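A.B. asks: So you can see what is in the structure, the chains are spelled out below.
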Amino acid sequence: MNRNRRNFLKAGAAAGAFSLVGFPHIWSKNASLAFAQDGEIKVGVLFSLTGTTAIIEESLNKATLMAIEEINADGGINDLKITAVVEDPASDPATFAEKARKLVLSDRCVSVFGSYTSASRKAVLPVFEKQENLFWYPTLYEGRECSKNVIYTGAVPNQQQDDFIPWLVEKFGKRWYLIGSNYIYPKEENNYCKKLLEGLGAEVIAEEYVPLGHSEFSSVINKFRSEKPNVIFSTVVGDSVVALHRQYRAAGLDPATMPMASLTTSENEVAAMGGDAAAGHFTSAPYFMVFDSPENQRFVDAYRSRWGGDKVTHFVSESAYFQIHLFRQAVAKLTAGDIGPLAIREAVKGEEYKAPQGLVKVEPENLHCWLRPKIGQCKADGQFEILTQSADWLEPNPYSAYPNQKCTAEGLKEV
Amino acid sequence: MDFVVAQILTGLSLSSILLLVALGLAIIYGVTGVINLAHGEFVMLGAYCAWLLQSQFGWSLLASLAVIFLLIAALGWLIELAVIRHLYDRPLDTILATWGLGVMTQQIVRLTAGGELRYVQMPPSLSGSVNILGATDSAYRLFVLAVALGLFLLTWCIYRYTSFGLKLRAITQNRAIASSFGINSARAYRLTFAYGAGIAGLAGALISPLKSVSPEMGTTYVVDAFMVVVLGGVQSLVGTLASSAVLGEASGLLAYYSNDTIAKALVLIAIVIIIRFRPQGLFAPRVRA
Numbered sequence: 000m001n002r003n004r005r006n007f008l009k010a011g012a013a014a015g016a017f018s019l020v021g022f023p024h025i026w027s028k029n030a031s032l033a034f035a036q037d038g039e040i041k042v043g044v045l046f047s048l049t050g051t052t053a054i055i056e057e058s059l060n061k062a063t064l065m066a067i068e069e070i071n072a073d074g075g076i077n078d079l080k081i082t083a084v085v086e087d088p089a090s091d092p093a094t095f096a097e098k099a100r101k102l103v104l105s106d107r108c109v110s111v112f113g114s115y116t117s118a119s120r121k122a123v124l125p126v127f128e129k130q131e132n133l134f135w136y137p138t139l140y141e142g143r144e145c146s147k148n149v150i151y152t153g154a155v156p157n158q159q160q161d162d163f164i165p166w167l168v169e170k171f172g173k174r175w176y177l178i179g180s181n182y183i184y185p186k187e188e189n190n191y192c193k194k195l196l197e198g199l200g201a202e203v204i205a206e207e208y209v210p211l212g213h214s215e216f217s218s219v220i221n222k223f224r225s226e227k228p229n230v231i232f233s234t235v236v237g238d239s240v241v242a243l244h245r246q247y248r249a250a251g252l253d254p255a256t257m258p259m260a261s262l263t264t265s266e267n268e269v270a271a272m273g274g275d276a277a278a279g280h281f282t283s284a285p286y287f288m289v290f291d292s293p294e295n296q297r298f299v300d301a302y303r304s305r306w307g308g309d310k311v312t313h314f315v316s317e318s319a320y321f322q323i324h325l326f327r328q329a330v331a332k333l334t335a336g337d338i339g340p341l342a343i344r345e346a347v348k349g350e351e352y353k354a355p356q357g358l359v360k361v362e363p364e365n366l367h368c369w370l371r372p373k374i375g376q377c378k379a380d381g382q383f384e385i386l387t388q389s390a391d392w393l394e395p396n397p398y399s400a401y402p403n404q405k406c407t408a409e410g411l412k413e414v
Numbered sequence: 000m001d002f003v004v005a006q007i008l009t010g011l012s013l014s015s016i017l018l019l020v021a022l023g024l025a026i027i028y029g030v031t032g033v034i035n036l037a038h039g040e041f042v043m044l045g046a047y048c049a050w051l052l053q054s055q056f057g058w059s060l061l062a063s064l065a066v067i068f069l070l071i072a073a074l075g076w077l078i079e080l081a082v083i084r085h086l087y088d089r090p091l092d093t094i095l096a097t098w099g100l101g102v103m104t105q106q107i108v109r110l111t112a113g114g115e116l117r118y119v120q121m122p123p124s125l126s127g128s129v130n131i132l133g134a135t136d137s138a139y140r141l142f143v144l145a146v147a148l149g150l151f152l153l154t155w156c157i158y159r160y161t162s163f164g165l166k167l168r169a170i171t172q173n174r175a176i177a178s179s180f181g182i183n184s185a186r187a188y189r190l191t192f193a194y195g196a197g198i199a200g201l202a203g204a205l206i207s208p209l210k211s212v213s214p215e216m217g218t219t220y221v222v223d224a225f226m227v228v229v230l231g232g233v234q235s236l237v238g239t240l241a242s243s244a245v246l247g248e249a250s251g252l253l254a255y256y257s258n259d260t261i262a263k264a265l266v267l268i269a270i271v272i273i274i275r276f277r278p279q280g281l282f283a284p285r286v287r288a
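Chains as they are written, first to last, in numbering that gives the first Met the number 0: chain A, 0 to 414; chain B, 0 to 288.
Treat the hints with caution; some may be incorrect.
[What the hints assert, rightly or not] The list that follows gives simulated cross-link-like pairs (lysine-lysine, DSS-like), each with its CA atoms no further than 27 Å apart:
(1) A:Lys186 with B:Lys263
(2) B:Lys263 with A:Lys227
(3) A:Lys353 with A:Lys61
(4) A:Lys360 with A:Lys147
(5) A:Lys186 with A:Lys147
(6) A:Lys80 with A:Lys360
For the record, the hints were derived by calculation from the structure and aren't laboratory data.
Predicted model, so just to flag it, every value in this text is computed and none were measured.
Please model the entire structure based on the sequences and the hints provided.
C.D. replies: Laid out in structure tokens, this is it:
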């Protein structure tokens, strides 16, 4: 029995290896198996349209579809139309994996654009690594990941914090209170923040995590009152961030002397908490809706005329938009017969694009993007005022908190 | 000194929110024996009413409180009439039915009002902060505390000093015998359910300026409310008051000395231990099985 099973597994593994490695290599020029055929090229769009994170992911879905429509209206890529296969993973990591498998295996998409939370990205990762396909991830995230099958177009900790933390220390002072939601993202951001603060001679007077979805901050605010920090570094996410800001304001604390500094509070979150509760606090991000550039003007106008005049754009939807244009530039470099996920990955390395936030570039080593972070202060009307912009674009370093590790084109290296 | 006062005030504020949310649940369970799992959705609907009246009609929160109470109470009245009254003395079925109602309500709100997070503007007159013995507290939180205590007193007086309350107490002791003395128990049940629902709606409206308003918000509150009611003893109004005070002060204090994650875990462990040794809760009445 046991031996039979072993033989069966061996046969299966051999067949699997043949079908995965052998077939596409030999037959990719064959019309029936090529990725680009009948004048179209298929891509997957994988954002939740239902469930808890649907609100934000819907805006990413819209920005993605808008960019695809723009490219098709412009004649497509070398006369190939982009066909979007839209799936709804319903805010559930297991469904994300299942839909990703469907997009890659049965729809034969050449790339998939999608996901917002780290949990859903981690869930689809094995699919893309095993099938040698390509996933495009638009969200800022905690770093500490080095996949050869993901193009990361959002910011990693060093890009949002390198300018932001010293600026805040200089402007407000050295006593810092770190408050976050209790999961991986805030902890990794805080790891890097503490490292920067140590270098600046600043002091972390408290590092505290509240449960996800927590909505009662009166004890936390009591501690703000008694500890009197100069800056509150907040990595609280979701509806908790609304409760924190509203209760901060109800308690009569003053952003002018004890501002909250955030990496995740975008126009979207501000709309949910009301401009009055967000006014005076700071966010660091590569993009703000008010950013003054011809590209952004075009982006905001197109977005509002396509999806409604009251819609806001924010730094994740901007990445979801420009990553499609990076995809176009990469595919345009390939001949139709060569188009495939790995060829696109090689073609997109070092590719530059004038995005709404300014020029961005894909770093060939770690497949993250060079971005230009800005510091914004929220105003009562729900928009940000951009106070500074980094002098140059910043290199992405997903292992910034771990100096002995480096993400390279060959994978993670210990240095 | 001001630290102690601030800590007590924080605990009281937590307690007042717990009391507001649990009071309706305690009344409904205490009188009718229905475990209302849709209680959180009454809270959520109250918050959405506050948001709707403010954003569509420009009503300030204070002006809309009475209307919200009446609206949600009317809804509770209808639900009792349509569903609950057919299920008395079938506890498992009422749990299932109310849970189903809760799920449906969430989805209806999501479909009509949208799933995005909403907020309710605090009344301008209460948006400042107040100084008490050297400690600062939000005027609005003190207002919520006052309303919670006021509602508790009102409920207690109805229960203790009115003829309706007398009838309620009679029904609570034995419905069949009370009915045989000519008490209209069906009407009393319906009014109780409506009153409990109305208070839940009021709770939702009152907490909406401090929290975010979303279709799922009720779920966390119903869990908190059950903790309060189970700890306090299911048929005791005073027990509900005392246990929300204890839970509020305890979680405030623990959260101050450690953090909210640990506070939540410790409070739950404490409740598990207490229920193990005192399954009837802290303040169980001695009558009726």
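A.B. asks: Decide, hint by hint, whether the structure agrees.
C.D. replies: Hints and how they fare:
As the CA atoms of lysine 186 of chain A and lysine 263 of chain B are separated by approximately 20 Å, the hinted pair is consistent with the 27 Å bound. At most 27 Å may separate the alpha-carbon atoms for a hinted pair to count; lysine 263 of chain B and lysine 227 of chain A meet this at roughly 25 Å. A threshold of 27 Å between alpha carbons decides the hint, and for lysine 353 of chain A with lysine 61 of chain A the separation of about 20 Å falls inside it, so the pair holds. In summary, the hint linking lysine 360 of chain A to lysine 147 of chain A is supported, as the alpha carbons are separated by about 17 Å, within the 27 Å threshold.
Distance check on the hinted pair: lysine 186 of chain A and lysine 147 of chain A sit about 24 Å apart at the alpha-carbon level, within 27 Å; holds. Only pairs whose Cα atoms come within 27 Å are accepted, and lysine 80 of chain A paired with lysine 360 of chain A is accepted, the gap being roughly 24 Å.
In summary, this structure violates none of the numbered hints.
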